[in-house]
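Visitor: For reference, the chains in residue letters:
Protein chains: 2
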Amino acid sequence: MSRRYLGAVPDSYHHGDLPAALRAATAELVTERGPTGFSLREVARRAGVSHAAPAHHFGDAKGLLTSVAIEGFQKLADALTEATEGIDDAALRLTACGRAYVRTAQAFPGHFGVIFQEDMVDPTNQEWLEAGLSAYMVLYETISVVRDQLNPSLDVDTAATLSWAAMQGLVVLASKLTVVAKSTGAEVVPLDDLIERFTRITIEGMRAR
Amino acid sequence: MSRRYLGAVPDSYHHGDLPAALRAATAELVTERGPTGFSLREVARRAGVSHAAPAHHFGDAKGLLTSVAIEGFQKLADALTEATEGIDDAALRLTACGRAYVRTAQAFPGHFGVIFQEDMVDPTNQEWLEAGLSAYMVLYETISVVRDQLNPSLDVDTAATLSWAAMQGLVVLASKLTVVAKSTGAEVVPLDDLIERFTRITIEGMRAR
DNA sequence: GCTCTAAGTGGACATTGTAAAGATAATGGT
DNA sequence: ACCATTATCTTTACAATGTCCACTTAGAGC
Chain E
1 MSRRYLGAVP DSYHHGDLPA ALRAATAELV TERGPTGFSL REVARRAGVS
51 HAAPAHHFGD AKGLLTSVAI EGFQKLADAL TEATEGIDDA ALRLTACGRA
101 YVRTAQAFPG HFGVIFQEDM VDPTNQEWLE AGLSAYMVLY ETISVVRDQL
151 NPSLDVDTAA TLSWAAMQGL VVLASKLTVV AKSTGAEVVP LDDLIERFTR
201 ITIEGMRAR
Chain D
1 MSRRYLGAVP DSYHHGDLPA ALRAATAELV TERGPTGFSL REVARRAGVS
51 HAAPAHHFGD AKGLLTSVAI EGFQKLADAL TEATEGIDDA ALRLTACGRA
101 YVRTAQAFPG HFGVIFQEDM VDPTNQEWLE AGLSAYMVLY ETISVVRDQL
151 NPSLDVDTAA TLSWAAMQGL VVLASKLTVV AKSTGAEVVP LDDLIERFTR
201 ITIEGMRAR
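So the protein lines, in turn, are chains E and D. Per my numbering, numbering through the first sequence is continuous, rising by one, with the last residue being 209. Per my numbering, numbering through the second sequence is continuous, rising by one, with the last residue being 209.
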């Protein structure tokens, strides 16, 4: 008997859906031990298969990690889409984007520990590029709304890049913020609130012409 | 005869300044192969010492990487300090900060590949925390100037965090921007110019009350 | 000059990623 | 229904890695 994941066919020679199980185990492992703690053999163990099984589906370790990264971008794109649906006001919409971004990153730390780790994924993988792009497009759409409502001469590309950078940067910095706040004596602001403050500043900046 | 680095005493049993040589070799290796490509034994080889030598100075691999991360933060703090020196205008100063940040990241990719990789460094290391904090403080100082000149009621902590996040995020996203631009048909903007556009937006946002 | 300690070496061991060859189950054609 | 083919998974093997240990070498201090 061994641990198995989604779509498992217990105690059968064939797994059922090993690729998905391996992705899940990878995300779990990276969540626990960080990107560096990833190990193909440990992942195989957690999925209840031999250490050589992953190779048949993903080629090598980088292939598996790339697949996880793609899944991460898809989760992000879905979250951003769902979060902005039905919101008309530009500022509210951008805030919703930011919240969704940070929350997705916190909900799937295993995936987010990999998506921008360019040496862990195959940077030439088309799916990975497209998955990232389609997540970006959701944000781009929201910035377009900002342009339409607040400033017709807004450079949407620049503003979208800035928003993305600020969100991803915040995710990376998050753990350091508490330490910094303790040293500077500043209040510790919850990420959700911080996102709102970020949005307030950037929205005002985008409004100006 | 073996490759040696700074402070080397050729062909002597003792190295001269092995810690510095190991840091340099680490930065070089991470630059070539990315954070994942780091290997303690390869670093030792490049420094011309046996594979067990690093342990006497840094304990384990994480100790060495932490030391490199500290060096990275120091380089950043120095660059930010130098870049802002003598600049009085708030907007120009913030732009200079951004430029210095991105340029330092590009000049020392080995260091920047490690500084925020929390699973590769010892997150309890006091020097690492302090080095990061002192780099942040240079930025904080600049945002204080923004407050003094443009908006006395500006929340400096929030604005400084936003600026840092945007810069670090931009560094991470940089390699994807070209791809995105190719897909959206947008122009490929040099990072230096992008930083200026970022600054223009955020400065306007900070000015608003 | 002698001892003590810091600095570096060499070997051992468990763990890792990948490759190759073998075993097992499912599939598809007749 | 049967057989061959193929996809899936296992086993074995090998080189490389990080850390530990015992050993050697060189400086520093008395």
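Quick caveat, the hints were computed from the structure, so don't treat them as lab data. All values derive from a computational prediction rather than experimental measurement. Quick reminder that beta carbons are idealized off the backbone N, C-alpha and C, glycines included. There may be inaccurate statements among the hints.
Computed list of lysine-lysine pairs in DSSO-like fashion (alpha-carbon distance at most 30 Å, straight line) [claimed, not checked]:
{"hint": "1", "chain 1": "D", "residue 1": "Lys182", "chain 2": "E", "residue 2": "Lys75"}
{"hint": "2", "chain 1": "E", "residue 1": "Lys176", "chain 2": "E", "residue 2": "Lys62"}
{"hint": "3", "chain 1": "D", "residue 1": "Lys176", "chain 2": "E", "residue 2": "Lys182"}
{"hint": "4", "chain 1": "E", "residue 1": "Lys182", "chain 2": "E", "residue 2": "Lys75"}
{"hint": "5", "chain 1": "E", "residue 1": "Lys62", "chain 2": "E", "residue 2": "Lys75"}
{"hint": "6", "chain 1": "E", "residue 1": "Lys176", "chain 2": "D", "residue 2": "Lys75"}
{"hint": "7", "chain 1": "D", "residue 1": "Lys176", "chain 2": "E", "residue 2": "Lys75"}
{"hint": "8", "chain 1": "D", "residue 1": "Lys182", "chain 2": "E", "residue 2": "Lys176"}
{"hint": "9", "chain 1": "D", "residue 1": "Lys62", "chain 2": "D", "residue 2": "Lys176"}
{"hint": "10", "chain 1": "D", "residue 1": "Lys176", "chain 2": "E", "residue 2": "Lys176"}
Ranges of calculated distance between the beta carbons of each label pair, as one might list FRET restraints [what the hints assert, rightly or not]:
{"hint": "11", "chain 1": "D", "residue 1": "Leu150", "chain 2": "E", "residue 2": "Ala181", "range": "41 to 49 Å"}
{"hint": "12", "chain 1": "E", "residue 1": "Glu28", "chain 2": "D", "residue 2": "Glu85", "range": "31 to 39 Å"}
{"hint": "13", "chain 1": "D", "residue 1": "Glu42", "chain 2": "E", "residue 2": "Ser39", "range": "16 to 24 Å"}
{"hint": "14", "chain 1": "D", "residue 1": "Asp88", "chain 2": "E", "residue 2": "Pro123", "range": "22 to 30 Å"}
{"hint": "15", "chain 1": "D", "residue 1": "Glu85", "chain 2": "E", "residue 2": "Asp88", "range": "30 to 38 Å"}
{"hint": "16", "chain 1": "D", "residue 1": "His57", "chain 2": "E", "residue 2": "Leu92", "range": "49 to 57 Å"}
{"hint": "17", "chain 1": "D", "residue 1": "Glu187", "chain 2": "E", "residue 2": "Asn125", "range": "37 to 45 Å"}
Visitor: Which of the listed hints are not met by the structure?
Guide: Checked against the structure, the hints that fail are numbers 3, 4, 8, 11, 12, 14, 15, 17, while the rest are satisfied.
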